[in-house]
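Participant: Protein chains in written order, with our numbering: chain F, 13 to 293; chain D, 161 to 476; chain E, -14 to 521.
Check before you lean on any hint, since a few could be wrong.
Within a straight-line C-alpha distance of at most 20 Å, the following computed EDC-like cross-link-like pairs (lysine to aspartate or glutamate) qualify [what the hints assert, rightly or not]:
1. K190/E - E253/D
2. K200/F - E183/F
3. K167/D - D131/F
4. K57/F - D306/E
5. K206/E - E253/D
6. K320/D - E255/F
7. K203/E - E253/D
8. K318/D - E256/F
9. K403/E - E209/D
10. K318/D - D260/E
Keep in mind that the hints were calculated from the coordinates and are not lab data.
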Amino acid sequence: MNSKLLSNVTEQLKENSLGKISIFVIVILTFASVLAFLSPYDPNKIDVMNRLAAPSKQHPFGTDEMGRDYFTRALYGGRVSLTVGFLSMIISTTIGTIVGTISGYFGGKVDSFIMRFVDILMSIPTFFLILILNAYLKPGVQNIIIIIGLFSWMSIARIVRGETISIKEREYVQYSQVIGEKSSVIIKKHIIPNIFPTVIVAATLNIASAILMESSLSFLGLGVRQPNSSWGSMLKYAQGYMEEAPYLAFFPGILILMTVLSFNVLGDIFRLAFEPKANDD
Amino acid sequence: MRRLIVKRMLQTIPMLIAISIVSFLLIKLAPGDPVQAYITPEMGPTDIERIRENLGLNDPIHIQYIRWLKNVLKGDLGYSLVNHRPVLIQIKERLPATIGLMSTSLIFSMIVGIIVGLLSAANQNKLFDRIVTLISYLGISIPSFWFAMMLIFLLSLKLKLLPSIGMRTIGVHSTWDLIKHAIMPTLVLSIQNIAVIARYIRSSTISQLKEDYVIVQLAAGASRNEILYKYVLKNAILPVITILGMSLPSLVSGAFITESIFGWPGMGQLGVTAIFSYDYPLIMAITMFSSLILILGNLLSDVLYSVVDPRIKELN
Amino acid sequence: MMNKKWLVLVIALVMVISAACSNTSENQAPADTTNEATEGESVEKTKVDGGIFIFAINSDPNVMNPLYAGDRVTMTINNALFAPLYVTDAEETRFYLAESITPSEDFLSYTLKLKEGLKWHDGEPITADDIVFTVTSILDESQNSHLIGNFLVDGKPVEVNKIDDLTVEFKLPQISVPFMSKLGAIRPIPKHIFEGEEDLAKSDKNLEPIGSGPFKFKEFKSGEKLELERFEDYFGGRPNLDGVVFRVISDPNSANTALLNGELSARYITTDDIDKFSGNENFHVATFDEGMLNNMVFRLNNEALQNKDVRKAIAYAINKDEIIAGVYRSEEYAKKAYSVFVPTTQYYTEDVEKYEYNLDKAKELMEKAGYDNLSLRLAYTNSSKEQEAYGLIMQQQLSEIGIDLELIPMERGAFLEKFIDASTTDFDLAFNGYVMGLDPSGYSPLFLAGNPNNFMGYVNEELDPMWDKGVIETDPAKRAEIYEEIQRIIMDDMVVYPIAYPKSIVAIDDRFGGIEEARLVPITMFEDLSKLYLTE
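Make a model of the complete structure from these sequences and hints.
Facilitator: See the structure below:
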């Protein structure tokens, strides 16, 4: 099953040059931020005599208002952005999958209760809620991950629920129910493996939106704390130097754009690979 | 039909109450203290305690909630903790700017999204289509605040074409002035929805083009464009109504950031300021109003859909 | 009884000092502003009637009622709407609504006389009743006015009586030195408008305020602007401008862009922005001294910081030159601070331990104190770019002596709530800025043991009586000695680390004149807006 999915993905990638570029971007950025420590500069090393230096050989992205090497800061910032994207995706996907399967599998009152709850959460503008919580809690990467994770599982839960309901109707699941297998076993054995492709797609797109969310929060000053950086917080500071140092605003923005774009493209590729119907598009 | 609307309307009431409980709890349980709005460096701890007592902040949380709910039912949303003005009046003042911006953006993104999506589908896999695909990926991936920064940099700072902030120039009362102020905020708020709508229209048009009736007509000698605009468009546009409901959350969320950056005097800007000053009566009211916009938007799109789609009509 | 006697003396002295200061600082204080002003004014400009001056404010005003304004935005607006009784500064006392203020011989009562023919914006006369009403409202606890402290002396209220229509008498339960200047700063509210209102803060009357200032309320659009128009009957003469407008622009960067685009007339700018405006012929950049000291407070409830050597080590490890260069670029915009007094304060001295940057000495002191590494938390207001920059630079500098500094940016209200209570343990160091005035005795609350304004929790039993001694000493030479010694002791104890004396920088649209007459002042930018005019 999995090897088939994988071969579908490679097939898709062969035709799609945007997809190849996306994978390349994600891999490069991941490596770069993991290996950020190789940079000769300390990301937090202040050098006031060398502030707002234009991009050069020594400083490919220039230096910021404190004279810190902007390239190194961007690498470390990428670490934060990618970590937030990935970890909050794990949280939201886990919650979404569990809630969705329970709701879809058991149906009835459980289902309608859970779905009403999801409706309510989806009717509150989540960005505003996250903003509220972030403003009140101590700002920091940990809190951002948890908050974003806790407020972005709803759409996954809905998708998983729909998928679960349709799988539940399949013969082998009904057979297992008849022979009296425990619900937990059925969910583990039959439901989860079958919704797996859907979850992968949703999870990939979730990373993209989590990274966007983190950058917006950091931009509003509710994200990572100084001296640490994320791409969003770098943009917050760059805003004040648009006249004299527009490159400060340019680089982190492009990095966010490229990363989010790559995950979105990747999500679509997974979708095409996992849903043969959609292949025709 | 009417029954459906009434039923859905009634459903929103318990939902709004539930939303209010959820947000009240979140705001109240989160650390942070509204009394901070009153503090000046000259005060002592006893002054702070006296103000806290006067504001009713020492009561248990459920009492505070019930008091809030009672007042809301009487039409009293309370007073801002910061500027002591009635919350309802402030929302009323800000609502037109927000609704104006949102609806302009919605209409703008619908028109652009549909046209681009159709053209893209008609030219499937040609250069135009590829470019549109790439641009729509950019549209859903670009951080809106960064897009706004780049626009301000280019159009205000460098080219000096557009004003960077606010809704009107002081002392000028022309529509053109208002339009000039609205261009950038509308663009920023629309970019994501344009991309989503264009993608949606593109794929639904493409699948329509594969339907039997198109093949039959083509065989009968009708031109491709004729089919596209006469038949396909009608069927492909139907899902746009659903999109209307779908794009509301991003509009509401987007308004918070967009309005803050462009100093647009709407509810979103008010909300962000309220959060930073712990002004919880205002935060509560804005949460409720934004939720209301979302719920009503969804309701509207459901109702519209049932009007347009006969299958749903039959069910009722 | 002893107390009273010397307090009378203090007041007499304060008056002598302010008179004395007026001679010395007259050519000093405004010098900064005229410096650059002359350049712009060398071009002939004609004064025209009318014009609108546009300020930027970062949020909607709070209550447009002087009894509640505690923030910069509302105070700036109230300055246009409501006139004060009089303003006392280093040079002189300038009278606005008041004609005169006369203390009794025992300094226990003050007689205030109002000018004749004063009018509110609605045409009603301003009388003693309004003054009495204003003060009674402030003293009414249920009205929650934060000015209540100005009329409480040692916890007891000041008594206020109407003598005749233009005369009010204030009776103090005890002598209070700062009472006179605090009284002058009061901006009265109209009795005929507010009488009978249950809650003044929530009153609808605040939405369209009736004041006494040079400009009256015209229109308010939340989140957008507040428009004021000329008050023809202003007692100081008909204002030159047609009106002033306050535009709401929350983001400082957007505000700069708006100023550059000509959408604003003036704005406080930071050193970062200077190049944008000083090189631009459409702007006139003026700097002035707010008499402020930016400093870092040590919380002495932290065990490590109780050790004087640790505090001294920190002081030696901080490189002020780097901070000035990093935050202000040069001393042109902020002078390095060595004392807890500001240079304009009487008996200010630099003859104290200056703690010039000395890493070896700092390490030595750390070793002596028995710490090779230490974690400290430094709190500051999150909206202050200046403080954040201090923090980042100090974080790096202190890491050299093994101190790991954690930066804790806090929302302003949250920060103040913790900061004013010296017993809280949410942080060990904090940035603060204070303006304490010209009289050295005014600094005593900051350092007296147990005083609520002593944010360090500092106790020095030898120091405390010296403040009293300084107050009663009549021989200027001996007084100087006492206050210089006080500065030396505090600096030696290193409970407050003085960082810099920053200057305020204002960029003003060059088409406007009358800036000197309007007077650049802290917080509200101009003291008397009626004097501004447009040129052609």
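Participant: Decide, hint by hint, whether the structure agrees.
Facilitator: Hints versus structure:
no.	hint	in the structure
1	K190/E - E253/D	holds (18 Å)
2	K200/F - E183/F	holds (16 Å)
3	K167/D - D131/F	holds (16 Å)
4	K57/F - D306/E	holds (17 Å)
5	K206/E - E253/D	holds (7 Å)
6	K320/D - E255/F	holds (13 Å)
7	K203/E - E253/D	holds (17 Å)
8	K318/D - E256/F	holds (12 Å)
9	K403/E - E209/D	holds (14 Å)
10	K318/D - D260/E	holds (17 Å)
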